[in-house]
Amino acid sequence: VSTGETTLIADPEDPSVLGANLAVGARLLASAVAFLFMAFVFAFFYLRALNTNHAFRPPHTNTPVGFGVAVLACVLGSIAVFEVARRAFGDGREGPWRLGVLAAWLLGLAAVVVQVVEYFNLSFGAMTGGGLGSVFLGFTAVFGVFWLGAVYWIETMWAQSLRQPASAAGDVHAPSRLLRPDADSCSVFLYVMAVIELFAFVLLYLVK
Amino acid sequence: VESASVSVRRIRRGTPSAARQLLGSNVFWAVGLAIGGYALGHWIGARFGPHLRTQGETDSDDVAIFMGLFFATLGWVLGLGFLNYPLGRIIGRPPTLREREDHGPWRYFRLCTDHKVVAIQYLVAVLFFFFVAGLNAMFIRGELTSDNATFIQAGNYLTLVGLHGTMMLMMMSAGVLGPLGNYLVPLMIGSRRMAFPRIESLTMWLTVLAGFVLLSAILLGGFPTGWTGYAPLADQARAGIDAYIASFALIGISLALVGVNMIATVMTMRAPGMTWNRLPIFVWGMVTTSILAVLAAPVLLAALIMVVFDRAMATSFFVSSTGGSPFLWDELFWFFGHPEVYILALPGFGIVLEILPVFARKPLWGYRLAVASMFGVALLSFMVWQHHLFMSGINSNLRPFYMFSTELISIPTGLIFLNAMGTLWKARIRFTVPMLFALAFFFNFLIGGLSGVFLSDVTSDVVTHGSYFVMAHFHYTIMGGLVFALMGGIYYWLPKMTGFKLNEKLGKIHFWTMFIFFNLTFFPLFAAGMLGMPRRVSSYNADLHTLNVFVSISAFCLGASMLLFLGNLVWSIVLRRVPAESNPWHALSLEWQLPSPVPVYNFERIPTIHAGPYGYGLPERVPVADFGTRVIAGEGGTA
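Chains as they are written, first to last, in the working numbering: chain A, 81 to 288; chain B, 9 to 647.
Just so you know, these hints were derived from the structure itself, not from any lab. A virtual CB, placed ideally from N, CA and C, is assigned to each residue, including glycine.
These stretches of chain B come out as covered by chain A in the derived footprint (C-beta under 8 Å, 3 or more residues):
no.	region
1	296-308
2	317-323
3	333-339
Assemble the whole structure, with the sequences as input and the hints as a guide.
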């Protein structure tokens, strides 16, 4: 049953508008995420400076550097491969783009898997890790959630490029024209995630 | 297709039947799935929680509750249809901006990507929770008619104070950005939409959920921390605090996303010719508020996540005995909390500076100064948070810096007053209801601001900290400031939003009763604070009894004045329904050049902007915008 009302519809906007939305939105989102992790960085230095009850780093709280390196490698590797793929896409090479995005996605997922495995191989528990253990668990878990968001973003581009090859884009309104600004915006977000992960690695694994 | 213009077409399209719409995603499904989600999450949490946590500071089943609240949130967004698009993207569906826009009341009960619908949803939700929180205030004042606990026990009194404070802060954070920002910013900058319409809608529905989750704290035994959630109390409190944490986290997410959306909209969606110098001052208010929301709300979210870890997994972020510190919460919370104060104040500045030139019939005096002042306030608001910790044992060497930076913030705030005075100077003022509220804003905010200088000063803060002096101060800034500005904004823009005139006489009665009883309620509380009456405690010195009875009676009258407002809304919009003119105030800004209520896609053609919106009384004024062939409604005539 329908009442047959008059509905207004707007013509599709030029993808450059959505591209600009995405570019600005991604930078703002990255800023917000950076401030969120600044809170964990602050917590690290604050609790370390106070060292209440000399329990910031109990003797048994040792974060496993090997796992840290593995997570870092997967995250940075994923971002690097994505960057290479993005440049290939910019050059109009769709094959390397798709392959690169797939590889970036898999590496990104691997980072999450390694992180989860690490949780089962810690020398301390949530209750016994002291201040450092708390910051470690909080920082890495929240990073994992946001990293999964980044991995999701990468996957959507891969899926879209399979479904709608960019080369098929004949007119300015084709959705595939959004892939480029989408990829550019995603890379901004990924760079910020890379910086955060580097911070996490230095603070949680290297600073004594 | 009936007709086609360059960019908006009218088509005849079947509207789904009511039964079909009921089966689709909507708020009824959302409620059902949220309740089901809570039950499922709670069951999973209860089953696996004990493996996560073997010992902690609380005896409540926090893992189960947090899992329940998480799954309830998932159910809520699933029921509303927010997961359809992201799931579609996983399988490669192309990106789109908006859902199909329909007419009719049904769109108010589901995901809708028309910014005007979202704004009205926001307004209804914010007003609902505002009245609930106001009712809490009435209970509080009722209890304080006696100097000892009577009908509310001490623990419940704390919960009541916490619910009132948290709900007011949460809802007022969204109070202007949500309803007025979402409605007006696209219209004022000549856009058809916000940059991210789905996110816009999501922020609204998360706000609604946050309000109900916070209310669920009552069912979980309440919480004793007030709106500030101080550790270690938050780590040790009963399960009600879990609802506080979840609701504040939802608001934090919502606030950050609103900010991202608002800034992106203003940066990328402005009409041709809408240069930065021509942006309405209200839009600048929204931009500066959004900057604060984007940068401050995530810090709150991180702090809340730490509390979740402490309560659910027994980590020790805030537990001194095991390497944490409760002061960490103070630092993180107030890093958010003080910018939050300006998240509440800056939109108020934007509203009143938008209203003043219209009713003074003069250009806004010192437009650039006003913009610079707003940015000055926003920047400084990140540098003052430790004044909340003057009495918490911070390093005494830090005190002078934070005292100085806090007092510094009064300079840009003072410049906003200068803008107002310059605009009103030698003006022929029309004392309409919006103008009265705008003028009252300055009166109240002046008292709030001046009392704030005393609190920023270490020596006087030592005396007044934790007393009703502080309480009176922030009510003068938040209620006397933001709520008065919001009321002015509602009276000013509601005819545009709804298409109906509000009753002027009822509006004036509402204003005068609200203004008089607001001041009679809160001004005496400065004295109560100076005489040593502490916050958050229902017992006080018997010498203060008469004063408190007077304040309570005034507060009840203040509450009654809000009922007048509600009555005016019902009378004007539901019962009388007198159509509003397109431009009843003869304003120049873009939103007033459109029909009331505004059509779905706002502008048939995107306008070209030729001038700023404050050319009142200028002989050489040019039309603000070129709308193509349409006749515009304002005193600018055709464009």
